[in-house]
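Chemist: Sequence:
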Amino acid sequence: AGGRDNIVLNIKRGSYQLYSLEQPYPGFKKGHRIAETGDWKKVKEKYNYRCATCGSQEGKPHFHWPGTKTILQKAHMNPNKPLVAGNIIPQCQKCNRGDRNRWVYDDKGRVIKLADANFVRNFDKEVREKTYRILYKEFNGKNPFKK
Numbered sequence: 001a002g003g004r005d006n007i008v009l010n011i012k013r014g015s016y017q018l019y020s021l022e023q024p025y026p027g028f029k030k031g032h033r034i035a036e037t038g039d040w041k042k043v044k045e046k047y048n049y050r051c052a053t054c055g056s057q058e059g060k061p062h063f064h065w066p067g068t069k070t071i072l073q074k075a076h077m078n079p080n081k082p083l084v085a086g087n088i089i090p091q092c093q094k095c096n097r098g099d100r101n102r103w104v105y106d107d108k109g110r111v112i113k114l115a116d117a118n119f120v121r122n123f124d125k126e127v128r129e130k131t132y133r134i135l136y137k138e139f140n141g142k143n144p145f146k147k
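Under our numbering, the residue at position 27 of the sequence shown is numbered 27, and the numbers go up by one with no gaps.
FYI, nobody ran anything at the bench for these hints, they're computed from the structure.
Hints may be right or wrong, so weigh each one.
[Unchecked claim] SDA-like, lysine to any residue: derived pairs with alpha carbons at most 25 Å apart: (1) K108 / E58; (2) K42 / Q57; (3) K74 / R102; (4) K60 / Q23.
Keep in mind that this is a model prediction, so the values were computed, not measured.
Generate coordinates for the entire structure from the input sequences, incorporating the hints supplied.
Modeler: Written out as structure tokens, the structure is:
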């Protein structure tokens, strides 16, 4: 899809084009999708059948989209790790879809870290410059491309 850091095709943001029937999207992380996830009912019970992020209750109208019934999904706390017991929080379909594996969450559904460094490209220039200064200082001005 356009705007998802395409590395194969250069298409307009918001556009879609089928690239291949033989190969998955290059950014697809197959290894972390399906695993032993433990007792999903107990996880939902722990959160009172609510989205850990927005608090919408399963089966009821969504807090922010009242015309949408809330459906809880197994969501990664850290999308860079497998979807297994201990790395799962319940998120509604709106919060889980909007996330796009950009964030790491704590067990309360709060963002605690950036999971996808490429998302920095979406920040305002001022924020990117501040981030650059922090990293420049942390790495003593070392060029990451020179060994």
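Chemist: Compare the structure with each hint and give your call.
Modeler: Going down the list of hints, with the structure as the test:
1. K108 / E58: holds (17 Å)
2. K42 / Q57: holds (15 Å)
3. K74 / R102: holds (16 Å)
4. K60 / Q23: violated (38 Å)
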